[in-house]
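So you can see what is in the structure, the chains are spelled out below.
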Amino acid sequence: MAPSSGWTWLVKVLFMASLRNWRVRQALLAYALLMPAIIYFGLYFFYPIVVEFFASFFRGQPLIGDAQFAGLSNYVEAFTDARVRDAFIRTIIFGVSATILTLIPALGLAAILAGPIKGRNAIRAMIFFPYIISFVIVALMWKNILDPYSGILNNILISFNLPTQNWLSNPATALPAMIGIVVWKDIGYAMLIYIAAIQGIPENLYEAAELDGASRHQMFLEITVPLLVPTTLFLAVITTIGHLQDVSAPILLTGGGPADATRLFSLHVYETAFTELNIGYASALSFLMLLAILLITFLQFRLLNKQVRY
Amino acid sequence: MARRRNQTPIGLKAGMYLVLGLCVILALFPFFYMLSLSLQSDADMYSGVPVLFPSVLQFSNYLTIWEKAPFARFILNSFILAGGITALHLIFDPLIGYVFAKMEFPGKRPLFVMLLSTLMLPFFIRMIPLYILTAKMGWLNTYQGLIMPFAMSAYGIFLMRQFILPIPNELIDAARIDGASDLKIYTAIVLPQLRPAFATLGLLTFVFQFNEFLWPLIVVSTTEMRPITTGLTLFNSEFFTQWNLTATGGVILFLPSLLLFIFMQRYFVRSVMTTGMK
Numbered sequence: 007m008a009p010s011s012g013w014t015w016l017v018k019v020l021f022m023a024s025l026r027n028w029r030v031r032q033a034l035l036a037y038a039l040l041m042p043a044i045i046y047f048g049l050y051f052f053y054p055i056v057v058e059f060f061a062s063f064f065r066g067q068p069l070i071g072d073a074q075f076a077g078l079s080n081y082v083e084a085f086t087d088a089r090v091r092d093a094f095i096r097t098i099i100f101g102v103s104a105t106i107l108t109l110i111p112a113l114g115l116a117a118i119l120a121g122p123i124k125g126r127n128a129i130r131a132m133i134f135f136p137y138i139i140s141f142v143i144v145a146l147m148w149k150n151i152l153d154p155y156s157g158i159l160n161n162i163l164i165s166f167n168l169p170t171q172n173w174l175s176n177p178a179t180a181l182p183a184m185i186g187i188v189v190w191k192d193i194g195y196a197m198l199i200y201i202a203a204i205q206g207i208p209e210n211l212y213e214a215a216e217l218d219g220a221s222r223h224q225m226f227l228e229i230t231v232p233l234l235v236p237t238t239l240f241l242a243v244i245t246t247i248g249h250l251q252d253v254s255a256p257i258l259l260t261g262g263g264p265a266d267a268t269r270l271f272s273l274h275v276y277e278t279a280f281t282e283l284n285i286g287y288a289s290a291l292s293f294l295m296l297l298a299i300l301l302i303t304f305l306q307f308r309l310l311n312k313q314v315r316y
Numbered sequence: 042m043a044r045r046r047n048q049t050p051i052g053l054k055a056g057m058y059l060v061l062g063l064c065v066i067l068a069l070f071p072f073f074y075m076l077s078l079s080l081q082s083d084a085d086m087y088s089g090v091p092v093l094f095p096s097v098l099q100f101s102n103y104l105t106i107w108e109k110a111p112f113a114r115f116i117l118n119s120f121i122l123a124g125g126i127t128a129l130h131l132i133f134d135p136l137i138g139y140v141f142a143k144m145e146f147p148g149k150r151p152l153f154v155m156l157l158s159t160l161m162l163p164f165f166i167r168m169i170p171l172y173i174l175t176a177k178m179g180w181l182n183t184y185q186g187l188i189m190p191f192a193m194s195a196y197g198i199f200l201m202r203q204f205i206l207p208i209p210n211e212l213i214d215a216a217r218i219d220g221a222s223d224l225k226i227y228t229a230i231v232l233p234q235l236r237p238a239f240a241t242l243g244l245l246t247f248v249f250q251f252n253e254f255l256w257p258l259i260v261v262s263t264t265e266m267r268p269i270t271t272g273l274t275l276f277n278s279e280f281f282t283q284w285n286l287t288a289t290g291g292v293i294l295f296l297p298s299l300l301l302f303i304f305m306q307r308y309f310v311r312s313v314m315t316t317g318m319k
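As given, the protein sequences belong to chains A and B, one line each in that order. Quick note, the first sequence lines up with residues 7 to 316 if you use our numbering. Quick note, the second sequence lines up with residues 42 to 319 if you use our numbering.
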């Protein structure tokens with residue numbers, strides 16, 4: 007008995023040792039492989055937030071040029087500066103209306119294109135196509151189409167005897183035109199996400215409703231739409247956050263004009279930093295935007311959790 | 042909504058096709074118009090009314106732009122940028138994804154949560170400190186300054202991890218018992234499973250980086266370092282103001298996206314539908 011139990015003991019010890027040894031080696035290997043990622047994400051994602059927070063307490067160009075410590079004055083100024091407040095309100099209007107105008111038609115298109123439509127894959131792809139195109143091209147095309155004199159849209163309006171507009175150079179129409187353009191670009195993306203969600207709804211829900219004599223219309227409003235609420239929230243947050251940060255649209259379409267009509271918050275931050283070279287103040291504005299985005303994301307999680315329980 | 046037994050009324054069906062037809066025209070018309078502009082002569086351009094179908098196809102626009110701006114250099118820069126970033130993604134994203142999918146080590150969960158939290162730190166928020174950082178490194182107006190801030194992505198790592206998770210652990214353990222090294226397991230078992238993920242990630246990364254506008258606008262200070270995106274914005278001001286030539290540049294910037302999209306359309310559509318990737 008004794009030698010046999012001694013052997014088992016030895017085997018056990020050796021096995022455990024080799025296992026622990028293997029585990030240690032696995033962990034070391036894992037960290038060695040992760041090293042580039044740890045350095046990369048640390049340097050380009052987490053450290054910048056620290057730098058931004060630090061820079062937001064200075065005027066001028068902290069860390070790279072002339073700067074004076076300014077305490078909280080950048081934050082105080084951010085909350086009292088009328089131009090910042092206007093830009094913020096404008097951005098909310100831009101983001102919310104662009105999101106609503108994207109999601110509603112996208113849902114309609116998805117409802118059609120999730121069904122038995124001939125050539126639906128090709129149609130989906132073509133409607134999605136503008137989404138992958140650089141905004142540089144988008145701006146180029148639409149500035150030409152909306153040109154007050156040689157643009158094709160005004161010439162169409164003339165041929166129908168309708169009044170023409172200086173689309174991007176009239177303060178009243180510049181922001182709506184910009185909203186129209188970003189909606190045109192984003193609709194296909196929202197549509198694809200909706201199609202995927204609709205296809206994920208179990209077929210037997212519709213069969214049961216059909217047995218109960220529900221019409222197609224009722225089924226859409228009472229089964230499809232409620233089940234798409236989480237998808238809608240996801241899209242609404244992704245799209246809104248995307249629009250909050252959109253600098254390309256105002257830079258490339260209007261430069262923020264006319265008379266600040268399309269000066270979005272993001273453009274204001276960009277110009278404060280890189281045109282006026284007040285990097286400290288721009289950092290404070292940017293940091294406030296990060297807080298806004300975190301707040302929106304947090305609210306989304308709260309809403310989504312509620313939805314899931316329901 | 043598919044496979045409904047009751048048939049769609051013919052009127053509704055016709056209405057649906059009409060709506061879809063209008064949407065497709067609306068989505069594609071600007072591209073057609075840009076192509077048309079790029080082939081127009083100055084006479085057509087300045088005739089006072091917009092011309093949809095040019096009276097003569099002036100292909101020479103496609104030669105003229107190379108003389109008027111360092112266009113070849115812009116294109117080269119775009120390929121170096123987008124190609125470099127895509128290569129880095131395809132090297133690192135699957136490797137990091139593998140570590141999180143199949144290796145055990147202390148601190149795995151918190152590190153993964155931290156990785157995913159970077160999704161909430163969008164580029165615009167980091168734009169100013171990234172500029173400070175790049176300036177401090179002396180990398181302004183260099184390729185590495187343009188490439189390094191986009192070397193990896195949490196999306197890409199997450200996507201790769203999702204593709205690696207279903208590979209059975211037994212397969213990996215069996216290979217290990219047979220004496221295969223970790224490197225061998227990675228190259229012989231894991232990587233071959235990732236072909237569709239490589240196509241998706243490579244494609245999306247390349248196209249989005251090829252289209253990137255804001256970071257080059259901030260980092261680049263000389264004309265010859267510009268990629269096509271910011272190069273093209275010079276067109277309307279510095280080099281020439283003719284719309285037809287600007288449109289010609291636009292078509293050239295647009296071609297890589299178009300070709301990739303046509304050949305790999307199903308990967309595109311599928312990847313958006315399954316990952317919601319932006």
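Hints listed in this document are in silico derivations from the structure and should not be mistaken for laboratory results. Yeah, the Cβ is synthetic: ideal placement off N, Cα and C, and Gly gets one too. Just to be clear, a hint being listed does not mean it is correct.
Said to hold, decoys possible - A few chain B residues facing chain A, derived, Cβ under 10 Å:
| # | residue |
| --- | --- |
| 1 | Ile166 |
| 2 | Trp180 |
| 3 | Leu206 |
| 4 | Pro209 |
| 5 | Leu294 |
| 6 | Phe302 |
Right, here's what the structure says about each hint:
1. Satisfaction of the interface hint for B/Ile166 is found here, the shortest Cβ-Cβ separation to chain A being roughly 5 Å, below the 10 Å cut-off.
2. Hint on B/Trp180 is violated. Least Cβ distance to chain A is approximately 12 Å, over the 10 Å limit.
3. Evaluation of the B/Leu206 hint against chain A yields a violated restraint, the C-beta minimum of about 16 Å exceeding 10 Å.
4. For B/Pro209, the interface hint is violated, since its Cβ never comes within 10 Å of a Cβ in chain A; the closest pair sits about 18 Å apart.
5. Look at B/Leu294: its Cβ gets to within about 6 Å of chain A, closer than 10 Å, so that hint holds up.
6. Interface hint at B/Phe302: satisfied, since its Cβ lies 6 Å from the closest Cβ of chain A, which is below the 10 Å cut-off.
Consistency with the previously given hints fails for numbers 2, 3, 4, ordered from lowest to highest.
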